[in-house]
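Please assemble the complex out of the two chains, which come individually in their own frames, going by the hints.
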Amino acid sequence: MSQEIKHIISKGLIRLISIAVIVLGFNQIYTSYFLNTDLDNHGPMLLELSHIVDTCDVIYFGESSNFTTHPDDYNTLRISDNIAAKHPNKSFGTINHGAYHVGMFLPLVKQLAMSKPSRTIIVTMNLRTFNQDVIFGPSEANLRLASRFYEPSLPILNKIFASLNHYDNRSGHERDLLKWKAWTYDTLVSHEDSVDFKYNTIRRWCEVPKFLDSAGIQDDAKRQLADQYIKAYAFQIDDSNPMIQEFDELLQVAQQKNIRVVFNLIPENIQDARYYIGENLVWLMQSNRDFLVERYANLGATVVDNLELLPSKHFLDRAVIPQEHYDAKGRELVGLKVADML
Amino acid sequence: MFSTLVDFYAAQALHRQKVTWRRNVFLGISLSANLGLLFAFKYLVLFLPSVDPMIANIYTVDHPFLGFLLQGVYFSIPVGISFYTFQTLSYTLDVYHNRIEPEKHLGHFALFVSFFPQLVAGPIERFSRLMPQLKAKHVVSYKRFQQAFRLMLYGFFIKMCIADNLSPLVDAVYDNPSTFTQWSTWFGTFAFGLQIYTDFAGYSLIAQGAALCLGISLMDNFKTPYFSTSIGEFWNRWHISLSTWFRDYVYVPLGGNRVSLLRWVVNILAVFIISGFWHGANYTFLIWGAIHGMLYLVERLINANKRLPQTRFVLLAGGVAIFICVNIAWLFFRIDSLQQVPRHVNALFQTEGVQNLTLSLPIITMLVTFLIAEILTYNSRFDRLLDRYPTVLRWIVYAGLIWCIAAWAGVTNHPFIYFQF
Chain A
1 MSQEIKHIIS KGLIRLISIA VIVLGFNQIY TSYFLNTDLD NHGPMLLELS
51 HIVDTCDVIY FGESSNFTTH PDDYNTLRIS DNIAAKHPNK SFGTINHGAY
101 HVGMFLPLVK QLAMSKPSRT IIVTMNLRTF NQDVIFGPSE ANLRLASRFY
151 EPSLPILNKI FASLNHYDNR SGHERDLLKW KAWTYDTLVS HEDSVDFKYN
201 TIRRWCEVPK FLDSAGIQDD AKRQLADQYI KAYAFQIDDS NPMIQEFDEL
251 LQVAQQKNIR VVFNLIPENI QDARYYIGEN LVWLMQSNRD FLVERYANLG
301 ATVVDNLELL PSKHFLDRAV IPQEHYDAKG RELVGLKVAD ML
Chain B
1 MFSTLVDFYA AQALHRQKVT WRRNVFLGIS LSANLGLLFA FKYLVLFLPS
51 VDPMIANIYT VDHPFLGFLL QGVYFSIPVG ISFYTFQTLS YTLDVYHNRI
101 EPEKHLGHFA LFVSFFPQLV AGPIERFSRL MPQLKAKHVV SYKRFQQAFR
151 LMLYGFFIKM CIADNLSPLV DAVYDNPSTF TQWSTWFGTF AFGLQIYTDF
201 AGYSLIAQGA ALCLGISLMD NFKTPYFSTS IGEFWNRWHI SLSTWFRDYV
251 YVPLGGNRVS LLRWVVNILA VFIISGFWHG ANYTFLIWGA IHGMLYLVER
301 LINANKRLPQ TRFVLLAGGV AIFICVNIAW LFFRIDSLQQ VPRHVNALFQ
351 TEGVQNLTLS LPIITMLVTF LIAEILTYNS RFDRLLDRYP TVLRWIVYAG
401 LIWCIAAWAG VTNHPFIYFQ F
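Chain order of the listed sequences is A and B.
Note that the numbering used here gives residue 95 to position 95 of the first sequence, counting from 1, and the numbers run on in steps of one.
Note that the numbering used here gives residue 330 to position 330 of the second sequence, counting from 1, and the numbers run on in steps of one.
Chain B with its partners taken away, still in its complex shape (with noise of 0.2 Å):
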């Protein structure tokens, strides 16, 4: 509510100043509050004494104030801080750049912020492409329902399925990598990759398919981005809301690429850094999101020195390459602390571990099921994929889908992986 109102008014007032510094005034508080409340919930953390999230609530009783620190910190983060807070900031810039005109109905500004299928982990939506659907008068169309389903069929299934049945391969090989042997290791480093890919494309599915049935239309998050041949193709089809949001209004603001070799450099580790820290208040983020950036800078130096020929085996040389690198960095996405890596790795190259993991053969036909609809849907969306086969087919695949969410689906705990972001 704090950000809504304060964003609200904020855009309101800077829109109707003409003097620059009175704009850039109410632009500040808007971008202190957003970011203030980002940085005290998220980040504050690097700064406060290290004790035991437990005792939080101790403290409450000694310390008022820390106490007060602490509890909120560990306990009381809002949902989805880091979506809305970038969605609001990319309503207040619009406006700050005369993109668009501030919203006059404090209601219609609410719904924005706060439109629940995408409140807690986005897609993070521009208010030119929200805000006109919110208001538009909404019929019943069964068309619409029909996507919705479907898109909520897949999420599901992609989520319930495929990431939650790999989470417990996961975690077992990340809390203890020494003990596995080594393909399983490599199997469990790279079964992250798909985990959190699953994870949070099966939640942005089923947000868009909520949302259709309410008659509005969400941006697609992901398009298949583990069938990208280059990184810059991976960050056109990974997290697009979060990459274009960032390339709009902090790349660009910085100068794009029209400033000079080192400034472009700058530039892009910045924003892959950026990147990094959003996710959370971690160093493991960071180089995360450094090496990312590193591998977008060594890819577009070498092509800007010698393009490629775009042959098939080029590019299937360059999407296994990408496919590697991407999941290698996950490792530090994944990792609690760097004290991990030299563990972790170190697992990944000796031979001593005896445990083995065990796909099932409901995990293994799910995976192949998947891979098949991944292929199917590279240039597609699966909602609309369906609308060219044929009613039984279509059933079939309903059935099959249905099938696995109910019988096969994952059991043990596992919420969304970007619910903590």
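So that you can see chain A by itself, here it is in the shape it has in the complex (with noise of 0.2 Å):
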């Protein structure tokens, strides 16, 4: 090894070593002064969940199917604060924030301390999200940079890493692509009889005439809402779905924690979904949801299957487009089926 080589291996050590002595001292500023202020612009659950975290026995992660109520319902409570009041005994906590899926809930959940040995996590699953519209979707960069806040390693070293976006940052342009890439040439497959899948991917479904009347004129309306419900559904899940990726990783880390947990299949909305598209359409989402509910029940976590639980009536959005927003009557429903299986 020559002279000049030990010269900078030795000189390079010691300034690494530097460097490492500085960027630890500068995480205790960067905890202490700024972290609140990145965390209020861009993770702000972290906060909310070091506020309850060493309080309370259920955490309930949702997202807007958990809170989102409209002028009419009969009251504001969150399908979190159905379930609390049917166990009083336990303290409750609610995580909750419009969008978040299960890439943001694994990281908090690593976060979660294990010195509640008896603690239940309450996970929503949300169908929807498995598919490549969400994946895909155009708020994703964003999510995954909050959860680049979430994971627990040195603030100051997440704030680097974000700043370097490592993360999921693929552009808007690159998500269309993939989104497109899937609605093109994803098909669709059945092994019954019964289902027969004419229009074998996204683009195809969507592309036949739908609603027209005696006259051959499309009520346009009813047509787009009809797209919606395929884009939102005509999927099928198996293990290479990223999503499925997550919910085994989050399962994973809550066991190892000693903490159980429960996945709440929020309901969609079969009715519209069979009115709009048809059976093909509910079989898939049935088959799905029987695909997530086997997958995960043998893996040891309880899932609540809500998928048909509610009628179309109980979908605030119904008519506009294919979201879980209940009504108040639609959140009580799901907290007591949630609230009889904890």
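One or more of the hints may lead you astray.
[Stated by the list, open to error] From the structure, some residues in chain B lie toward chain A, with a derived Cβ separation under 8 Å:
hint, residue
1, V140
2, S141
3, F145
4, M160
5, I402
6, W403
7, A407
8, A409
9, V411
[As the list claims (entries may be wrong)] Think about it this way: if two alpha-carbon atoms lie no more than 25 Å apart in a straight line, the pair counts; the simulated DSS-like pairs of lysine-lysine are:
hint, chain 1, residue 1, chain 2, residue 2
10, A, K90, A, K257
11, B, K18, B, K104
12, A, K86, A, K329
13, A, K11, B, K143
14, A, K329, A, K313
15, A, K90, A, K329
16, B, K143, B, K223
17, A, K198, A, K231
18, B, K137, A, K11
19, A, K6, B, K143
20, A, K6, B, K137
21, A, K231, A, K181
[Claimed, not checked] Listed next, with one range per pair, are the computed distances between beta-carbon atoms:
hint, chain 1, residue 1, chain 2, residue 2, range
22, B, N176, A, G216, 55 to 61 Å
23, A, Q111, B, Q420, 34 to 40 Å
24, A, G12, B, T358, 40 to 46 Å
25, A, D73, B, N176, 31 to 37 Å
26, B, Q420, A, A297, 46 to 52 Å
27, A, S32, B, N176, 53 to 59 Å
28, A, L299, B, L338, 57 to 63 Å
29, A, R318, B, Q420, 57 to 63 Å
30, B, V19, A, K181, 25 to 31 Å
31, A, S171, B, V392, 42 to 48 Å
32, A, E207, B, L262, 56 to 62 Å
Because the hints were derived from the structure by calculation, they are not lab data.
A virtual CB, placed ideally from N, CA and C, is assigned to each residue, including glycine.
Set out below in structure tokens:
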């Protein structure tokens, strides 16, 4: 080894150690004075979790299905409030944020301390989040940025990685391309005689004329909503689905921490899916549900199957979009069913 | 690979030819291949049907050829095509003019074309400068690593702390200028000038640092351009590798300044407009180039008739005027279409907007730090500047920059602006 290389290694090591010490010192300053501002701006759920983590027996991880209300609702109770009301002897905490899914819940669960051995977490499982529209959705990069801040490592390292865009930060352009590829080339397959996918991709299915009257004029509003249903539910979950991988990891992490996991498979508007599209789409929703329930029951989680719990009237956005926003009665019914399984 | 192979063999072939027309044929092959690719990927969009890029994929099923074109234009544009195309063009032209001997080793030539630190966004290097370094035997040196890390540290600082923190403010103003107060609109407009400078200069410094780790010294691409006192000086300090490329391969072949006044005016305008067009297939870039061309002409014509005394006041006034003009010209660079110009200009002079841009204390601190660094590096480079400081002061600077990068860098996703070119 030449003298120069020895010189570089010795000086370099000293400098690397010095930089590491500096960064550790900076971590203290950053955590004390700047972390909360960053969390407020980019990852607010970690602060909320820190407020409840030491006191709650049950933590509900939810998204907008938990809290969305309508002016006509007779109350504003969330699903988690309805569950808590049935278990007054347990302390409940709720973590929820619109559009969040398992990708954000996973690092939060990793942050859960093991100090409460009898803890239960209820994690929202939204069937629609397994589709390509969500996986390659426009808000995904921002959500992944938030989850970067939830990772259980030095806060200043999380900040550095976030600044270096070390998360799934694919551009809207890339995501659009991937979504279109999936919609064009991913084929739907059925091994049952009763189900025949004449239009076996989302694109082909959407292209089919729908809601034509006797004069051949299309009802545009219904047609658009029908296509939304296809884009939302015409997919088949398998092991390669990124959400499955994250649910698997979440369950594994929780079990290592001796935390009981309850997956709340929230209701979808099966009634309207049947009306706008038909039995083929309902079959896809049900077979995906069967896949999830069987998989996670076998892996030791409690799966509360609420998929077909609510009729269409409980879905607030049913005239516009397939969305899991329920009225007060809907939230109550879901809450009661989950509470029964606790 | 296509560009590499075409230029490698075309340059060798034209070098072997003694007859001019044959040399011209091989030069033509090289130029057509390079400019053809550049045209196909960057400018064909002007002539294709105006469709949503999302639809491009669908066309591959129903209209394979159109789909292929659209998909190529929208989704498959090679990274850094504008930069490496100019680099290989300069090589072929230099061989044609017998300024250099053609490279005989395909591997070495491929490395020259695709040398990774500068492949994506320059600096656009010349063969005569880069190739001897690529072939030289390199010895590991502590001093070189030290310089390299200093360059990268400062590059990361100005990209992540200045450009990425200004970016959300600039985006907000350019998206909805009328909702902001006059002060905020002016600030947002000028902040883009700072954003694009720190974004691009930051990239160039990181590229220089990365190359220096491998023993390769890339050319300086920026030298504190906003301290220029004339538009001519600005272009000697801004994106130097591109401006010198246009000078050597467009302006000089057109006759430079050894032509009639009218022809010279045309030459100047042509160079600046082509330079604008190089950035992309949008009229906004043409106008941006034309504005710079006009500014340059006005400045040269004023100086030709009456040379102003170079007093401090004149230099300062010139600097302020250039700073304002250049930053207003950036407006055309930043907007997506000409329809946005009246909306933005109206917002600059209206008083109805109520939203205010707020600058946090960390951002203000970093802007001041950057300004001081720019003043200190006016006639130097950051790595060389630090050589003059004692160890303790150097480490204070390192620690300060590391703090800014670690704790105060912007976090929203803003890729390097020049990656799109």
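Consistency of the hints with the structure:
With a least beta-carbon distance of about 6 Å to chain A, the hint placing V140/B at the interface is held under the 8 Å criterion. Hint on S141/B holds. Least Cβ distance to chain A is approximately 6 Å, under the 8 Å limit. Proximity of F145/B to chain A holds as hinted, the smallest CB-CB distance being about 7 Å (cut-off 8 Å). Hint status for M160/B: holds, given a least beta-carbon distance of 5 Å to chain A, under 8 Å.
Satisfaction of the interface hint for I402/B is found here, the shortest Cβ-Cβ separation to chain A being roughly 6 Å, below the 8 Å cut-off. The closest approach between the C-beta of W403/B and any C-beta of chain A is roughly 6 Å, which is under the 8 Å cut-off, so the hint is satisfied. Interface restraint check for A407/B: the shortest CB-CB distance to chain A comes to about 5 Å, inside 8 Å, so the restraint holds. Here the hint on A409/B is kept, as its CB sits about 4 Å from the closest CB of chain A, short of 8 Å.
Hint status for V411/B relative to chain A: holds, with the closest Cβ pair at about 4 Å, below 8 Å. Note on K90/A and K257/A: the hinted pairing holds, with a Cα-Cα distance of about 19 Å set against a maximum of 25 Å. Between K18/B and K104/B the CA atoms are separated by roughly 18 Å; this keeps the pair inside 25 Å, and the hint holds. For a cut-off of 25 Å, the pair hint linking K86/A to K329/A stands: about 15 Å separates their Cα positions.
Between K11/A and K143/B the alpha-carbon distance is near 11 Å, which keeps this suggested pair within the 25 Å criterion. Restraint check for K329/A and K313/A: the C-alpha separation of about 10 Å stays at or below 25 Å, so the hint holds. For a cut-off of 25 Å, the pair hint linking K90/A to K329/A stands: about 23 Å separates their Cα positions. Simply put, K143/B and K223/B have alpha-carbon atoms about 22 Å apart, close enough for the 25 Å limit, and the pair holds.
The straight-line distance between the Cα atoms of K198/A and K231/A is roughly 16 Å, inside the 25 Å bound, and the hint therefore holds. Taking the CA atoms of K137/B and K11/A, the gap is about 24 Å. The hint holds against a cut of 25 Å. A hinted pair counts as satisfied when its Cα atoms are at most 25 Å apart, and K6/A with K143/B qualifies at roughly 13 Å. Only pairs whose Cα atoms come within 25 Å are accepted, and K6/A paired with K137/B is accepted, the gap being roughly 20 Å.
For the hint pairing K231/A with K181/A, the CA-to-CA distance comes to about 13 Å; that is within 25 Å, so the pair holds. Between N176/B and G216/A the Cβ separation comes to about 43 Å, which falls outside the hinted range of 55 to 61 Å. Under the hint 34 to 40 Å, the C-beta atoms of Q111/A and Q420/B, about 37 Å apart, fit the expected range. For G12/A and T358/B, the hinted distance range of 40 to 46 Å is satisfied, since their beta carbons lie about 41 Å from each other.
Distance hint check: the CB atoms of D73/A and N176/B are about 33 Å apart, consistent with the given range 31 to 37 Å. In this structure, Q420/B and A297/A meet the distance hint of 46 to 52 Å, their C-beta atoms being roughly 49 Å apart. At about 36 Å, the beta-carbon gap between S32/A and N176/B misses the expected band of 53 to 59 Å. Our hint of 57 to 63 Å for L299/A and L338/B holds, since their Cβ atoms are close to 58 Å apart.
For R318/A and Q420/B, the Cβ-Cβ distance of about 41 Å falls outside the hinted range of 57 to 63 Å, so the restraint is violated. Evaluation of the 25 to 31 Å hint for V19/B and K181/A yields a failure: the beta carbon distance comes to about 51 Å. Under the hint 42 to 48 Å, the C-beta atoms of S171/A and V392/B, about 43 Å apart, fit the expected range. Against the hinted window of 56 to 62 Å, the Cβ-Cβ separation of E207/A and L262/B comes to about 59 Å, which satisfies the hint.
In the structure shown, a violation is registered for the earlier hints numbered 22, 27, 29, 30, in ascending order.
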